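Engineer: Listed below are the residues making up each chain.
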Amino acid sequence: MNLRGSDPHTLAGAYAMDAVTAADRAAFEQHLVGCEPCQQEIRSLREATVRLAGAVAVQPPPAMRDVALAAAARTRQLPPVVGPETGRRPARAAARRRWLPRLALGLAGALAAVAIVLGVAVDGAQHRLDQAQVRSREIATVLNAADATMLTAKISTGGTAAVVMSHRDRALVFTAAGLQPLPASESYELWLMGPGGARPAGMVPGSRPGAVSPMVVSGLAAGDRVGLTVEPASGSPRPTSSPVLILYLSPRRNG
Amino acid sequence: MKGSQGLPGHDPAAGPAAGARGSAQPGRVGQPAGPVGPDHTRPVPNVGGGQAFGPVQPVQRGDQPDLGLLLGRVARGDQAAFQGVYDRAAGQILGIVRAVVRDPAQSEEVTQEVLLEVWRTASRFDATLGSPLAWLTTLAHRRAVDRVRSEQKAAQREVRAARSAIAYDEVTEIVEARLDRERVRRCLGSLTELQRQSVTLAYYDGYTYREVAALLGVAVGTVKTRMRDGLIRLRDCLGVE
Chain A
1 MNLRGSDPHT LAGAYAMDAV TAADRAAFEQ HLVGCEPCQQ EIRSLREATV RLAGAVAVQP
61 PPAMRDVALA AAARTRQLPP VVGPETGRRP ARAAARRRWL PRLALGLAGA LAAVAIVLGV
121 AVDGAQHRLD QAQVRSREIA TVLNAADATM LTAKISTGGT AAVVMSHRDR ALVFTAAGLQ
181 PLPASESYEL WLMGPGGARP AGMVPGSRPG AVSPMVVSGL AAGDRVGLTV EPASGSPRPT
241 SSPVLILYLS PRRNG
Chain B
1001 MKGSQGLPGH DPAAGPAAGA RGSAQPGRVG QPAGPVGPDH TRPVPNVGGG QAFGPVQPVQ
1061 RGDQPDLGLL LGRVARGDQA AFQGVYDRAA GQILGIVRAV VRDPAQSEEV TQEVLLEVWR
1121 TASRFDATLG SPLAWLTTLA HRRAVDRVRS EQKAAQREVR AARSAIAYDE VTEIVEARLD
1181 RERVRRCLGS LTELQRQSVT LAYYDGYTYR EVAALLGVAV GTVKTRMRDG LIRLRDCLGV
1241 E
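Going line by line, the protein sequences match chains A and B.
Going left to right, the first sequence walks through residues 1 to 255 as our numbering numbers them.
Going left to right, the second sequence walks through residues 1001 to 1241 as our numbering numbers them.
Everything labelled a hint here was simulated from the structure, so no lab data went into it.
One thing to keep in mind: the hints can contain errors.
For each label pair, taking beta carbons as the anchor points, the in silico distance ranges come out as [as the list claims (entries may be wrong)]: (1) A/A222 x B/R1186: 35 to 43 Å; (2) A/P181 x B/G1189: 30 to 38 Å; (3) A/E138 x B/G1077: 14 to 22 Å.
A few chain A residues facing chain B, derived, Cβ under 8 Å [stated by the list, open to error]: (4) A12; (5) A16; (6) A55; (7) Q59; (8) P60; (9) L69; (10) T152; (11) L182; (12) A184.
The model shown is predicted, which means the values in this text are computed figures rather than measured ones.
For glycine and all other residues, C-beta sits at the position ideal for the given N, C-alpha and C.
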């Protein structure tokens, strides 16, 4: 057993080359938030890997070009991140409020970090927030947003919910672990509860004992809270019971 | 393990690709047609039908528009700028994806995913975090590694361990990259054997540090240190800032 392995900095080389598991990545990115020297080191090591990549560059088959251009032509882009006062990017000092830095934060890493917070076992092929289940690029967008913030809360009937939200994308990703199992006739339903009432935000998929597959909810409005109720399995247009969870979304901050 | 320089595709002892990862599809990826230009590039023919993408430029060195400027314009929806990014970087993206993913069809698939991600998220590129090319190759490498790990089967990983070079005749080398390639080979050669193997197994083969430790029969902590030291030495040798 090598005790030097407890020093988080030693992972920098492996991290810069993606030679880390999702759990390692998430842990290291947490470390990176507070370690400016590490951020600089990663930056320079990544530039070195650019040369490694360049050494194996190839000429693409000509047919690829048209496919790429056509795909772009029919694909929406993410809007730029705009600061509130001047239109420039928000200051890096806001890193403290981010839950993870944006350094190449991929979907697997983001989900692993959420899993860590929820106390869900993350272990290669077995981790519950299975990357294969998550097709939605919208989820990755929110998880990677520059202003992404994470909130967690206990559910009154058992389990923990985690929400990652982005004011700029006006969207959030909801996931939970340890939910009390429900009979087949019932399901958990998610709501956006605003001043004007509760809007359905989707049925929580499945009732497995492990973590819930992430759900993306868009169209957040000012004053919205996230609510969770138990409803008939087919869902309900209005909540029919008291919420087992209410999450107040963090207010929009300047910068 | 082979005691080669560690650079994929350059080991003369390597035979044709055997046991390629995923569904084996040997044979050429695709031959660019047309005459060879004076700088040994072939102009990429415009195969688009009825789409207003404009004339195709061959890949050149020297008078390249700045990639960062191009990305800025891509972020504002400029499709011509995206063509520029493609011409400038698609070969690097495909190259590193192929080194990791190996299977030609999957490599093209992953490359297209990366290119689309570039288009989609160009507005999120933060120049303070690294160079434009670093953003692109990091995206590409990450996607390649994710694809490989999500599809890996133990048996195929075993086969890969026995062979660390891709079949060189399956891809068309970019001649201009030869100088960079030699520089990288030389700098990789200046590393210790363990540092070099750790770096190439990680970067070109997509193994995690734990897998590298298992492959090399070395302690996990040692591999982490070698990867970091090796990459730092490589960085300094290559003169990267």
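Engineer: Give a verdict on every hint.
Structural biologist: Going through the hints against the structure:
no., hint, verdict
1, A/A222 x B/R1186: 35 to 43 Å, "59 Å, violated"
2, A/P181 x B/G1189: 30 to 38 Å, "59 Å, violated"
3, A/E138 x B/G1077: 14 to 22 Å, "19 Å, holds"
4, A12, "5 Å, holds"
5, A16, "6 Å, holds"
6, A55, "4 Å, holds"
7, Q59, "4 Å, holds"
8, P60, "5 Å, holds"
9, L69, "5 Å, holds"
10, T152, "25 Å, violated"
11, L182, "31 Å, violated"
12, A184, "31 Å, violated"
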